[in-house]
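Visitor: Heads up: the sequence lines are chains A and B, in that order. Just so we're aligned: the first sequence equals residues 0 to 392 in numbering that gives the first Met the number 0. Just so we're aligned: the second sequence equals residues 0 to 284 in numbering that gives the first Met the number 0.
If you are wondering where the hints come from, they were derived from the structure by calculation, not from laboratory data. Treat the hints with care, since some could be wrong.
Reference listing, derived: stretches of chain A covered by chain B, where coverage requires no fewer than 3 residues with Cβ under 8 Å from a Cβ of chain B [claimed, not checked]:
(1) 371 to 381
(2) 384 to 391
Far from chain B, some chain A residues (derived; all Cβ distances over 12 Å) [what the hints assert, rightly or not]:
(3) ASP241
(4) GLN265
(5) ALA354
Ideal Cβ positions, reconstructed from N, Cα and C, are used throughout, including at glycine.
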Amino acid sequence: MATRVSGPPALDEVLARAGALAGDLELRAVAAWKEAQPGGRALGVLPGWFPGEVARACGWLPVAVSGGGDRVDIVRGDAYYQSYLCHLPRSTVEMALGGFLDPLDGLVAPAICDVIRNFSGVWQMLHPEKLSIYFDFPQDLDPAVGGQFLRRELTRILSALAERGGRFPGPEELRAAIEGENWRRSAVRTLGNLRAEKPWLVPVSEAFLVVRAGAVLPAEEHAALLRDYVRAAEGSGRRPRDDVRVLLVGAFCEQPPIGLLRTLEQAGCVVVDDDLNFGTRALEADVPLDGDPLGNIARTWLEHGAPSSARFESDGSRAAALVATARSRRAQGVVFCAPSFCSPALLDRPSLERACDEAGIPHTSVQYVENTGQFQVVRELAGTFSDSIRLWS
Amino acid sequence: MSPCRRLRTAGVDLGSSAVKVAVVETRGNGEPLLLASEVERIRKRDPRAVADALFRSTCAAAETEPEALDYVATTGEAQGLPFETGHFFGMTTHARGGLFLVPEAAAVLDVGALHARAVAVAPDGRVLRTRMTGQCASGSGQFLENIARYLGVALEDVGPLSLRARKPEPVSGICAVLAETDVINMVSRGIETADILRGIHESIARRLAQLLRSLEAGSPVVITGGLAADEGLAAALAERLAADGAKTGVRTHPLSDRAGAIGAAIWGAVRRGRMDGVPSCEAVA
Numbered sequence: 000m001a002t003r004v005s006g007p008p009a010l011d012e013v014l015a016r017a018g019a020l021a022g023d024l025e026l027r028a029v030a031a032w033k034e035a036q037p038g039g040r041a042l043g044v045l046p047g048w049f050p051g052e053v054a055r056a057c058g059w060l061p062v063a064v065s066g067g068g069d070r071v072d073i074v075r076g077d078a079y080y081q082s083y084l085c086h087l088p089r090s091t092v093e094m095a096l097g098g099f100l101d102p103l104d105g106l107v108a109p110a111i112c113d114v115i116r117n118f119s120g121v122w123q124m125l126h127p128e129k130l131s132i133y134f135d136f137p138q139d140l141d142p143a144v145g146g147q148f149l150r151r152e153l154t155r156i157l158s159a160l161a162e163r164g165g166r167f168p169g170p171e172e173l174r175a176a177i178e179g180e181n182w183r184r185s186a187v188r189t190l191g192n193l194r195a196e197k198p199w200l201v202p203v204s205e206a207f208l209v210v211r212a213g214a215v216l217p218a219e220e221h222a223a224l225l226r227d228y229v230r231a232a233e234g235s236g237r238r239p240r241d242d243v244r245v246l247l248v249g250a251f252c253e254q255p256p257i258g259l260l261r262t263l264e265q266a267g268c269v270v271v272d273d274d275l276n277f278g279t280r281a282l283e284a285d286v287p288l289d290g291d292p293l294g295n296i297a298r299t300w301l302e303h304g305a306p307s308s309a310r311f312e313s314d315g316s317r318a319a320a321l322v323a324t325a326r327s328r329r330a331q332g333v334v335f336c337a338p339s340f341c342s343p344a345l346l347d348r349p350s351l352e353r354a355c356d357e358a359g360i361p362h363t364s365v366q367y368v369e370n371t372g373q374f375q376v377v378r379e380l381a382g383t384f385s386d387s388i389r390l391w392s
Numbered sequence: 000m001s002p003c004r005r006l007r008t009a010g011v012d013l014g015s016s017a018v019k020v021a022v023v024e025t026r027g028n029g030e031p032l033l034l035a036s037e038v039e040r041i042r043k044r045d046p047r048a049v050a051d052a053l054f055r056s057t058c059a060a061a062e063t064e065p066e067a068l069d070y071v072a073t074t075g076e077a078q079g080l081p082f083e084t085g086h087f088f089g090m091t092t093h094a095r096g097g098l099f100l101v102p103e104a105a106a107v108l109d110v111g112a113l114h115a116r117a118v119a120v121a122p123d124g125r126v127l128r129t130r131m132t133g134q135c136a137s138g139s140g141q142f143l144e145n146i147a148r149y150l151g152v153a154l155e156d157v158g159p160l161s162l163r164a165r166k167p168e169p170v171s172g173i174c175a176v177l178a179e180t181d182v183i184n185m186v187s188r189g190i191e192t193a194d195i196l197r198g199i200h201e202s203i204a205r206r207l208a209q210l211l212r213s214l215e216a217g218s219p220v221v222i223t224g225g226l227a228a229d230e231g232l233a234a235a236l237a238e239r240l241a242a243d244g245a246k247t248g249v250r251t252h253p254l255s256d257r258a259g260a261i262g263a264a265i266w267g268a269v270r271r272g273r274m275d276g277v278p279s280c281e282a283v284a
């Protein structure tokens, strides 16, 4: 009898599963999880950082809500927002009104901009019976000040989740939940390292899908999917192409259509790092498991929070971090890629561009809306950018 | 002097209405020499099949076996053709091709079937700055082709007719759809065909002048792409720039429609040199 040898998972199978999960706007996977977990609840998380372990420890599944992409037609959502605001809140309202978000029992709005902050109020109006949480971040990063503030915020949120039919977790339950999120963080870092070392194995359009798939999965299941993808990509036999290595910066909230990411790749830009699906990589280190769990989460954010336009800073450190990332990832250029009307990203851009200029790093910029369908101009601009690096840098 | 080598390369530019192919040789003095170039309109055929056939016929005209080429560079929509070595994007290739045709050019204005693109170019062909029209078709060749069809005028007659206009009729400068409605109204009002065409040219020229202004383009500007052969458009653009107070000369070249393919072939030689670690003579020059 032949012995069955276990090889790497088939890449197309992993991608098919990731694609189905990433496109699960109706949250069928979440409904299935709730059915399998009697009493389990689901907490929608708008873009930005939120420690999913706090929700998990209370019996809630954190579910990343990142808008409707190019699959939701906005009809009623426009009535809730001014025309000069970004697209994500409109499609999210549309999804809420259309029943897409019914499996959610609550929603948390991290403080990344005024629009997201105010969404907690809109959600309360739409669903007065459900939980609505505004999650504020400290602007003082001194552990004695900002650290205490953040710990109090986490305690407040934990209490709200526990009171709303969940359970009050003890330290061991919190540690178990933190460990699960650490697995996810570790798997995301492994994927990131592979992209930096052998970017031709991991197209950004695939990395985007497998990370986004985690929006509707428990952390440990998502970590397993990410590990499967890494093994499959390593065994794919893909060969390097005559492309330029770039960082993609500015897409930390409203996500670009996948067609835009493919267009950048077709334009000769291989993305070695980005801030897509930012919530999964907002902490650049694992949260320690010993000691005070909530205090550890707060301290990890203060000390190892990823630089982002959605995080307060007053010392120019974001620009320095961008240059450092470009150096460590051996990026030959930076593509600033932000949603239209994204205040944090667009207000930051001039200082980040200046830092690139001073460091001699070529850069270009494009803007998008989550349902953009035409990429010809992006292709031309990004293609000319990659040409200029290939020919002259 | 740095060592360099002689390279024979091809450029294939697949546009939305025509295919252009060029074969170039870079020699010891660093000057690229155009061995052959051809253009073929697609006319509802399979564009890739047209590109394949034209590539082979241009190689034959240059007395070169396709397999003997050092680099086959595609541009435009030709990415992924089976004989491609690498791909360069339109603004990169038109900049270099425009400079090859008009060596004193400081900017290139590529007016194709669907887009207009302005590129400020350094003396060595490097792209300095770029501007593109958006998704609107009213500054493009396809728009002009539609108008010519409505008017029953052959494309090659559009420019000479426009130059004979006595009283140009203004059309909408904002939208191709509105402009086409304008034209239908003009025909029914009995406006002279030459005056209609001149009005269209002036409308396009306004958009192109705006593009050049936003680019802060130097002088002269060389027009490339399918509309470069339209002398009526070149005249309207020169007049528009002068009226705006810009001291920008406008040039065209008989081979302007092939600039993308020529530029691709030249950059292919540079890229081949960089990939092999031995610069082409073009790169050294």
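Visitor: None of the hints should be skipped; say for each whether it holds.
Guide: Here is what the structure says about each hint:
1. 371 to 381: holds (count 6)
2. 384 to 391: As far as the stretch 384 to 391 of chain A goes, the hint holds, because 6 residues have Cβ atoms under 8 Å from chain B.
3. ASP241: violated, 6 Å
4. GLN265: violated, 7 Å
5. ALA354: holds, 21 Å
The structure is inconsistent with the numbered hints 3 and 4, although it conforms to all the rest.
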